[in-house]
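S.K.: Here is what each chain is made of, one letter per residue.
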Amino acid sequence: MAYNAIPTFLQEAEELIADIEQSALGLSSETDPAETVNRLFRAFHTIKGSSAMCGFDAVAGCTHHVETLLDRVRNGATSVSPELVDAVLKAADQIKLLLQAAQGGARPPSSEDLERAIAKFGTSSERTWSIRFHPDRSLLANGANPLTLLRDIRKLGSCEITAHTVGVHHLAIIWGSRNFGRHFERWRPRRKDRASR
Amino acid sequence: MTLTGDWNIGNVDDLRRLLAGCLDSGKEIVLDLSGVEGCDTAALQLVWSMRRTALQRGVGFRVAEVSRAMAEIAGSLGLSIEELNGV
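Sequence order for the protein chains is A and B. Going by the working numbering, 55 is the number at position 43 of the first sequence; the sequence numbering is gapless. Going by the working numbering, 430 is the number at position 80 of the second sequence; the sequence numbering is gapless.
The following block holds chain A by itself, in its conformation from the complex (with noise of 0.2 angstroms):
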């Protein structure tokens, strides 16, 4: 029976919403809200990347925009305030409603209002590439080490890579080094370059 990781994907999308409505509360009062700026990024970041596998486009670009607005706090570009607070908040609750759109068939709601909310906070000067790296399911087996593949394109510039770990089997399934690779094939490097280049 094929795996479906699109159960799993909702049941960590509503967990990593949570822990984003937790974490952006919480944001202003913070001294030093770096770690609360990373651990955002992350989770929306995961969800893009994971949505994406699991064909929730809506959801991936949704979340794109509010990631590259947390990209910009981490690098110093925009700082915490209370507006990004509610943009993260707004972003949070345009996920949901994707995401119950797309369990019920439903057609998604607009996410304008949100790209517009954060297209307040300025324009990037950086171009974002997002790369699906799907290899061959006997990548491992055949002797490749996509470990390589990834640090050739760190050498190109500023890099986030996310393996998606939702597709992993349960130990059960995996037996013989002849399936390896078949399981860990989906990474979502996400290579960032100056457009001046």
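Short, incomplete list of chain B residues facing chain A, as computed with Cβ under 8 angstroms:
| id | residue |
| --- | --- |
| 1 | Ala370 |
| 2 | Leu373 |
| 3 | Thr391 |
| 4 | Ser399 |
| 5 | Leu427 |
These are calculated hints, taken from the structure and not from any lab test. From the three backbone atoms N, C-alpha and C, an ideal C-beta is built for every residue, glycine too.
Mind docking chain B on chain A? Use the hints.
M.R.: Frame of chain A; chain B shown alone:
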């Protein structure tokens, strides 16, 4: 459970047997990975798979310690050891 040495595609079958045996004991799993000198994607996959299986069975799972080498390789693959502890 304590793992030491180098775990890679060449000995992942042995690693899988070790982890499966530990899971079958039904006791809470606490992994000490501080003695792991090296690993590859296949070995890390098994650790993540062990966590998934433990959670499915309702068995407690956490990583107590991890070697710098293993943490760096995991980081290079976009994996976070913190994720194993549900952080």
